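These protein sequences, in sequence, are chains A and B. Here the first sequence stands for residues 173 to 411, where the numbers follow the numbering used here. Here the second sequence stands for residues 71 to 283, where the numbers follow the numbering used here.
Calculated from the structure, these hints are not laboratory results. Values in this document were obtained by computation on a predicted structure and should not be read as measured data. Where hints are given, some of them may not hold.
[Stated by the list, open to error] Residues from chain B shown here face chain A by an in silico Cβ test under 8 Å; the list is partial:
1. Y91
2. P125
3. E132
4. D133
5. A134
6. L136
7. S151
[What the hints assert, rightly or not] DSSO-like cross-link-like pairs, simulated, lysine-lysine; straight-line CA separation at most 27 Å:
8. A/K306 - B/K191
9. B/K225 - B/K272
10. A/K247 - B/K191
11. B/K225 - B/K74
12. A/K257 - B/K191
13. A/K220 - A/K257
14. A/K257 - A/K247
15. A/K358 - A/K247
16. A/K358 - A/K306
All C-beta atoms, glycine included, are put in the ideal place defined by N, C-alpha and C.
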Amino acid sequence: MMASKLYPDARAALAGLLRDGMTVMSGGFGLCGLPEHLIQALQESGVKGLTVISNNAGVDDFGLGPLLRTRQIRKMVSSYVGENKEFERQFLAGEIEVEFNPQGTLAERCRAGGAGIPAFYTRTGAGTPVAEGKEQREFGGEPYILETGLVADLSIVRAWRGDELGNLVYRRTARNFNPVMATAGKVTVAEIEELVPVGSIDPDHVHTPGVFVQRMIVGTGYSRRIEQRTTRPRPQGRG
Amino acid sequence: MPWKREQLAERAARELRDGYYVNLGIGIPTLVANFIPDGMQVVLQSENGMLGIGPFPYEGEEDADLINAGKQTITAVPGSSYFSSADSFAMIRGGHINLTVLGAMEVSENGDLANWMVPGKMVKGMGGAMDLVAGVRRVVVVMEHTAPNGTSKLKARCELPLTGQNVVDMVITDLGVFQRPDRHSPFELIELAPGVTPAMVKERTSAHYIARV
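For reference, chain B alone in the conformation it holds in the complex (with noise of 0.2 Å):
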């Protein structure tokens, strides 16, 4: 059984550390926060401006003045702050931020990153996803593993404009997880989702790899 939206959610939560200072991408990446562990402290940082973002108002309670970078209505957690987007940018762009979780049209076997435009497409522009992969100390990507067609969304080399070239540490597909010692290396195969054997995982994969499970 590949593993689902929330299940994908789930696994990158794994990835938290207690401390982190963490971005989470617009999509499934914003379900991460649903499962941060009880007891760690994580502090989530929205490219708009504020550090400690909370969970959604209760109805009546929405402030128009408090959103994150998907623009939902939100709320703060006790001790958060709010800054301008230099201010946001300089933490993103300076390494203080830990990690971050986006998603993705592709990634190469080179741990580069395409998911702002499709050429010939309505382009709605990168946002801050070029400045996260750019500046941020940890890069998970979240996606299928496949796109619609079937092809391969992690592949030998990207075929759409890049938002960043050699950023991504991991991957987590409804396959599995892919991950990189360092941004030297090649990606590893090192977990299957339940039911997902290295074959299947073989089969659907363009890029080179190295299996580890």
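The shape of chain A in the complex, shown without the other chains (with noise of 0.2 Å):
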């Protein structure tokens, strides 16, 4: 019988992983699908010089802010990192280096990173600043930039259901970044909302297979924090 990965919270869960310098995978899109039981365990943890590798800078006071506000982040790597004052506030005096990826190449040097493929070619990006010294080269007749792939020390990722032997399904959009960057750390801890016995998930529908996460905690009081609240009328009941 495999040892059961999942850990009491998230301190512990990363305990022993973490030094100053390292480079930490976190996944979601905007506050979608974030592991933030697990971001706040880093900002405890106070490990700092962080290089941090995620779509997004979070807001102010959720998701990655909290952790820009404490100044344990040296360096991000995203594709877009608007709403966040205290991030602007560092970035314009200089206090933070970022490094802006295109999504799909993020994405996908995400997933060469964790797939053992150190580089690809892919046109995103050609003739634009992203291109900037990096190795141009022709494939019928059109320019492709060569990307390498990403390896984090740490990978953090938050799903809706999984087994003790990390088998993890995400929800809807809260997908996004999770499951490139569940195998693309040397160690992976996800967060799920609720655990489920092993063989419940139908293997079928499993979307990340366990063998991609060495350690799990299952999260409680998620925020469920939406960005931008958009809705319609309801239509008017007759009678």
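Dock chain to chain to rebuild the complex, using the hints, since each chain is given by itself in its own frame.
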């Protein structure tokens, strides 16, 4: 019987994994599908000088925002970092380094890194500032640029359901970067909303097979924060 | 009367075809969804990982796990699917999406697009724009014809850092529509907004184009 990958809480799950200057991948898109308990535990650990690979940088008081506020992040690798005043301040003051990656290139760099592919050619970014300093090569008469795969010292991801073997299922658009980042951590820690018995997830429906996950926790009290609440009026009832 | 926001979106919607898979950018492009003709099946893709975007949810039915690339709460239509960011950009980069509609700061006469950074100002990042223009089969830009200072946004060369080189197929501005038959040809002015004359467009455009109106 394999030892359970389940830890009692986020702090315990990160114990022994953290060191200053490390690289951390953090899943999520905007505030959707964020490993919020693990991010909080990172902040509370005081680990600093982090390079964080994450599509976005959170908002001022949620997501990666609090980690920025405490100046624990040295560098972000992201595709879009709006909606965060503290980030903007640090960026304009030259206090934080940012490497912008096109969103698809960022996703593919994680996928490649996790799949043991050191680099790949993509048309995305050819002829733009993103191509600067990168090898360029033509295929079929079109310019492509060489992008490298990414591997992180630690990946933190969020899933909906999981079992103790680390098999994960994501919910709706909370999937986003989580599956690719789960593959690209030297160690991957997952937080899940609901623990289900081993065998209860249909093997055909597993999104992230347990091999990619080393440790996990069950999160509670998820905030379900919404960045842009948009609705439409209900149709008027008859009579 | 130059076209307003809704009219720009309505004009862009006329580029949709039955069976298309389409990615709409943030802002005016998002409004294009409101003008999909009845009876036409168009599947909207969101680069954060779904096909089959539906309308905004009814109040009280918002789901934090269901958002579009603009981080707005949305719904899913029957037959929709969810997938990872890597799969999403495989669709985009791999040429599986038929059409994208995007905003722009500048478009050049040879189809270059700049829409992500102004040097010296806060740079928020390109998001998925570079992947979309690199991979989607047909790229339609919707923008104001001139910048607030009156200069043409359709110009000989982009001055801002590029999002993509030779990637734009159509430009819809408040004054009219410019189209290229292919990516080796110059833009042609093919339509004018009501009350706009060819001379008005010429006067406000610094790019070379062929007038077909």
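Hints versus structure:
| no. | hint | verdict |
| --- | --- | --- |
| 1 | Y91 | 16 Å, violated |
| 2 | P125 | 6 Å, holds |
| 3 | E132 | 6 Å, holds |
| 4 | D133 | 7 Å, holds |
| 5 | A134 | 4 Å, holds |
| 6 | L136 | 5 Å, holds |
| 7 | S151 | 10 Å, violated |
| 8 | A/K306 - B/K191 | 25 Å, holds |
| 9 | B/K225 - B/K272 | 12 Å, holds |
| 10 | A/K247 - B/K191 | 19 Å, holds |
| 11 | B/K225 - B/K74 | 21 Å, holds |
| 12 | A/K257 - B/K191 | 14 Å, holds |
| 13 | A/K220 - A/K257 | 20 Å, holds |
| 14 | A/K257 - A/K247 | 16 Å, holds |
| 15 | A/K358 - A/K247 | 19 Å, holds |
| 16 | A/K358 - A/K306 | 26 Å, holds |
Comparing the model with each numbered hint stated earlier shows that hints 1, 7 do not hold.
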